[in-house]
Amino acid sequence: MVGGGKAGKSLAMDLAAAGQRVAMVERGMIGGTCINVACIPTKTLVNSARLLALARRAAQFGIDLPGTPAVDIDLLRARKEDVVGTMVAGQRKSFLASGMDLAIGEAHFVVPRTVEVTDDAGTRRTLSGTNVVVNTGMAPFVPDIPGLRAAQPLTSTSILALKSLPRSIIILGGGYIGCEFASMLSIMGVQVTVVQRRGQLLPREDADMSASVAGTLAADGATLVLGAEAAAVSRAGGLVVRVDEFLRTAADNVWAAGDVAGTPQFTHASWNDYRILKANIAGGSWSTKDRLIPYCVFTTPELGRVGLSETEALHGHESSEVIAVIQMAMLGDVPYQQLRDAVITHPTMAEGLQLLLSDAFLEP
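In my numbering, the protein residues as written are 3 to 366.
Simulated from the structure, these hints should not be mistaken for laboratory data.
Among the clues, some could well be false.
What the hints assert, rightly or not - With a straight-line Cα cutoff of 25 Å, these simulated SDA-like cross-link-like pairs (lysine to any residue) come out: (1) K95 / T46; (2) K45 / L164; (3) K95 / P114; (4) K45 / F143; (5) K280 / L129; (6) K291 / E323; (7) K45 / A221; (8) K82 / V192; (9) K45 / V144; (10) K82 / A25; (11) K82 / L54; (12) K165 / R199; (13) K82 / R52; (14) K165 / T46; (15) K291 / V345; (16) K45 / G306; (17) K45 / I179; (18) K280 / R115; (19) K45 / E83; (20) K95 / A25; (21) K280 / R23; (22) K45 / D222.
As the list claims (entries may be wrong) - Taking CB as the label site, the calculated pair distances span: (23) F143 / L310: 53 to 59 Å; (24) I328 / G191: 28 to 34 Å; (25) L53 / P337: 45 to 51 Å; (26) R94 / F63: 40 to 46 Å.
All C-beta atoms, glycine included, are put in the ideal place defined by N, C-alpha and C.
Based on the provided sequences and hints, a complete structural model is requested.
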């Protein structure tokens with residue numbers, strides 16, 4: 003296992019606990035990106051920001067708090083590091099308890115299915131396996147904007163190690179991560195300016211959803227600069243490993259999962275990759291094709307989504323054929339449960355009705 007992200011570590015522990023010989027190479031982030039520099043630390047800070055916002059409204063709940071609630075950056079950082087540290091320690095304990103060989107160092111392929119691992123002391127060892135899984139994740143990318151690198155900009159990783167809150171900050175990019183940090187920092191009292199290349203924040207979302215998030219950020223004090231083409235380049239950096247729908251690479255018995263495989267950059271998507279890998283390494287044929295991945299933007303309030311946006315749905319293909327199915331059901335007084343549970347030809351647009359009519363989509 004080259005890299006111990008959500009998919010890799012889960013698979014490594016499973017296989018090792020089942021008695022297989024498993025080695026996992028990790029460069030340093032025990033538990034992966036999520037625990038160390040993404041989901042866990044950022045959501046810990048988001049929760050602190052929400053408590054701060056609530057404390058400022060204490061009087062509305064009949065509570066008189068002395069002074070003005072404010073951020074203590076040292077306490078904030080200590081809490082974040084305690085949460086992360088506790089989880090990292092738990093992960094290391096679980097890794098070792100599974101029986102895996104945990105190798106801390108950097109891996110390089112030297113021949114097919116064989117890597118050389120170099121630790122911080124320069125000691126090298128060689129590991130080979132019948133199967134190899136690459137789960138190295140991705141790193142933040144600094145766009146090639148004149149003068150930007152010289153200014154030593156913060157990234158979504160380095161901002162988590164700040165020793166003090168800045169008086170002001172410019173966030174290049176109004177995507178999911180940018181909006182989360184804008185929301186959090188605005189609540190904490192930082193003067194935030196979000197510069198977004200396109201004409202709306204969260205460009206994958208419907209315009210009304212984007213406008214709602216923009217309104218919330220503005221209400222918290224953030225300044226939004228939209229349509230600033232040159233200053234808002236934002237993309238993930240690093241090598242993407244090409245895989246098929248079964249997470250196989252072009253090399254025999256070499257697999258990839260998580261961010262590095264082009265999987266949507268959510269921990270729960272990587273967890274699904276683990277399940278697919280576990281099945282397929284054992285001879286199965288689980289696929290990533292057409293899987294439905296929900297996600298949430300942890301602004302305050304949050305934005306969650308699964309499936310097509312309204313805009314995407316309005317541009318859907320063969321909608322005229324789908325509406326005819328509904329029409330026939332209505333003319334025949336067919337209950338929606340019967341349509342939901344029918345065996346409908348795959349792959350067709352009409353079979354999407356079964357998901358649409360499921361309990362998860364129907365309003366109470």
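Checking each numbered hint in turn, tell me which of them this model violates, lowest number first.
3, 10, 12, 23, 24
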